[in-house]
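Number of protein chains: 2
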Amino acid sequence: MEAIEEYPMNGGHGIYSYAKNSYRQGQAINAVKELIKEEITEKLDINKFPSSDTFRIVDMGCSAGPNTFFAVQNVLEAVEKKYQREGLDHCRLPEFQVFFNDHSSNDFNTLFTSLPPNTNYYVAGVPGSFHVRLFPEASLHIVISSYAIQWISHIPKELVDRSSPAWNKGRTYYAHAGAETIKAYADQFAKDMDNFFHFRAQEVVPGGMVLLTIPGGRLDYQILSNTLYDLLESTIVDLAKKGIISEEKLDSFNVPQYFPSPQEMEAAVKRNGCFSIERIECLHDEKKQANPKEARVFSSHMRAGLEFLLSEHFGHEIMDELFDLFTKKIEECEVFDMGVAFKLLVVLKRK
Amino acid sequence: MEAIEEYPMNGGHGIYSYAKNSYRQGQAINAVKELIKEEITEKLDINKFPSSDTFRIVDMGCSAGPNTFFAVQNVLEAVEKKYQREGLDHCRLPEFQVFFNDHSSNDFNTLFTSLPPNTNYYVAGVPGSFHVRLFPEASLHIVISSYAIQWISHIPKELVDRSSPAWNKGRTYYAHAGAETIKAYADQFAKDMDNFFHFRAQEVVPGGMVLLTIPGGRLDYQILSNTLYDLLESTIVDLAKKGIISEEKLDSFNVPQYFPSPQEMEAAVKRNGCFSIERIECLHDEKKQANPKEARVFSSHMRAGLEFLLSEHFGHEIMDELFDLFTKKIEECEVFDMGVAFKLLVVLKRK
Chain D
1 MEAIEEYPMN
11 GGHGIYSYAK
21 NSYRQGQAIN
31 AVKELIKEEI
41 TEKLDINKFP
51 SSDTFRIVDM
61 GCSAGPNTFF
71 AVQNVLEAVE
81 KKYQREGLDH
91 CRLPEFQVFF
101 NDHSSNDFNT
111 LFTSLPPNTN
121 YYVAGVPGSF
131 HVRLFPEASL
141 HIVISSYAIQ
151 WISHIPKELV
161 DRSSPAWNKG
171 RTYYAHAGAE
181 TIKAYADQFA
191 KDMDNFFHFR
201 AQEVVPGGMV
211 LLTIPGGRLD
221 YQILSNTLYD
231 LLESTIVDLA
241 KKGIISEEKL
251 DSFNVPQYFP
261 SPQEMEAAVK
271 RNGCFSIERI
281 ECLHDEKKQA
291 NPKEARVFSS
301 HMRAGLEFLL
311 SEHFGHEIMD
321 ELFDLFTKKI
331 EECEVFDMGV
341 AFKLLVVLKR
351 K
Chain C
352 MEAIEEYPMN
362 GGHGIYSYAK
372 NSYRQGQAIN
382 AVKELIKEEI
392 TEKLDINKFP
402 SSDTFRIVDM
412 GCSAGPNTFF
422 AVQNVLEAVE
432 KKYQREGLDH
442 CRLPEFQVFF
452 NDHSSNDFNT
462 LFTSLPPNTN
472 YYVAGVPGSF
482 HVRLFPEASL
492 HIVISSYAIQ
502 WISHIPKELV
512 DRSSPAWNKG
522 RTYYAHAGAE
532 TIKAYADQFA
542 KDMDNFFHFR
552 AQEVVPGGMV
562 LLTIPGGRLD
572 YQILSNTLYD
582 LLESTIVDLA
592 KKGIISEEKL
602 DSFNVPQYFP
612 SPQEMEAAVK
622 RNGCFSIERI
632 ECLHDEKKQA
642 NPKEARVFSS
652 HMRAGLEFLL
662 SEHFGHEIMD
672 ELFDLFTKKI
682 EECEVFDMGV
692 AFKLLVVLKR
702 K
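As you go down the protein sequences, you meet chains D and C in turn.
First residue of the first sequence: 1, per this note's numbering; consecutive thereafter.
First residue of the second sequence: 352, per this note's numbering; consecutive thereafter.
The set of hints was computed from the structure by calculation and includes no laboratory data.
Everything hinted at is true.
So the derived label-pair ranges between C-beta atoms look like this:
hint	chain 1	residue 1	chain 2	residue 2	range
1	C	A541	D	V132	42 to 48 Å
2	D	K351	C	E488	26 to 32 Å
3	D	G12	C	R630	42 to 48 Å
4	D	A3	C	K399	37 to 43 Å
5	D	E332	C	E488	57 to 63 Å
6	D	D194	C	H549	45 to 51 Å
7	C	H549	D	S311	47 to 53 Å
8	C	Q553	D	E278	33 to 39 Å
9	D	I318	C	K592	50 to 56 Å
10	D	R92	C	I355	26 to 32 Å
11	C	P401	D	P165	54 to 60 Å
Beyond 10 Å from chain C on every Cβ pair, some chain D residues (computed):
hint	residue
12	A3
13	P66
14	E86
15	H176
16	K249
17	C333
Derived coverage of chain C by chain D (criterion: at least 3 residues anywhere in the stretch with Cβ under 8 Å from a Cβ of chain D; other residues may be distant):
hint	region
18	469 to 483
19	486 to 499
Glycine included, each C-beta is placed from N, C-alpha and C at the ideal position.
Using the sequences plus the hints, can you model the full thing?
Here you go:
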């Protein structure tokens, strides 16, 4: 297996921290909140779980908070409602243990020191990639993941191989790239999903659920234009033209994210075979009128998620210049997309 | 319940970090290594555990590593040996999940990024004080804690109350203090142990074990002299005499550690009533000839554990001066004690 790369969000509580710049992920959690509650209260097979069992929930790719706490609270409320609906009194509610999972380079210190007070669950943090096995067999009842599994485990080699037709010269991600480049991204995502479902099938108990919220970008192979990713690419290309970064550095950089279509997710679940598909729902994003006042907000938002990656590749010293230019590009747009065509909610049940 | 204070060890990998200055705790783990293995392989009731269960181990007060990894590995080897001894083949070994517990202000980032490669257990970190409930009911098979439970949950109020006979004026811990001061420390430790065993009794499965390694300092109320704590107190008193710290600051500072006797530990376990005492063993420390070359090492060792506390109280800016003076005091000693009279190994089994 190829090495899994880590792309931590910016830690701490600073102006470019994930904790202070993740409202968009928070909006996504909010947008699917009621759907997730509905799915859990309708479909979770609590009668399959021994009543003495601790009920175990994990958020995979939780980052440093606070979004993960809202997502988890939402799930807990739904599970409690489900137990109440089945006629069990409050005393019979199971004990809850919540695992917060992300790469070992994630800022767990910030996560742990910003835990909500008086939680009604036991807390644990689990360091490691969700592309590998993380938990004992059949030990999880609900897996959630919000805006995380679009991060592919690594950039496929052919994207930076001059001799490959997939070489992504002069670009930083797959939109507007050739078919071979798009295929390399799509294939890597498909492999990653095969691992993801393979390991989750081992970890989740029969009757347990997996609920994934994913930024979805491709529908019938249509690629959006004027997304934040387009503008970021154009920023990096401009810096290369100015000689601030080398052409070689531009050619060897690729954003390790892939925004799947509903069909791709469905296919991955079916290849695995251990989960039934309970729901795949697209929630369309609005086009956003570019507002100069908000440009800095969007720019900081992207910075919180991508700065680690960009500074590792291009050097820490050009980050301010890069994001200043990026902010200007957002300001100059009339209309732009948040980056993806829709949010995708995938709800699965372990057979 | 009174607020529980947090006293994190120095994080990171710097020259005064716990990770680089915890050889003494490492020595303690090494000293009891074979005893712990022996106790586990002889006394763990694995037949009481359902064979499908994940085997769960926790190290309470694990700090930022690396000692905790050695302590956990030792336990794992003993448990595996136990399963093999009972005639079960390797395929029947349970899956292991190891929880690393410490205060939420502990440096979990350093802990998680320095995990040994290819562990044969699933990893989780649990933030929170071991003076409260941390885990679901009957979910743990082995609890270990090395050089951690001597930290009391907070300084009893009477130690800083001018009107109390326990007021610890002009001193920073209980050695050489009056009987009322010693009693205030001892009572707080006893209360903390009552909480500790109360919550562990809920968390540990019947047949599971609790193995505590504790620096023990009091045997028949004899207090050692020329310990590192004496020298540290003398350093702080000197700084007060020089006017570098105020008398009020000196009077209001107390090291929140208590080094119990075997009798005190035995009494606490018996008050709780849920555990059988399998072994209480004293391992005596050697007196140490003061070696000027090693003074800096001992000083940094104390700094890794106490700097947070000292700098919160006296101010960060005097830490270098304080520890330079402390180092000189160690150099000037002919013979000194490491700080405690013995290591105490307490081995318990959940009834």
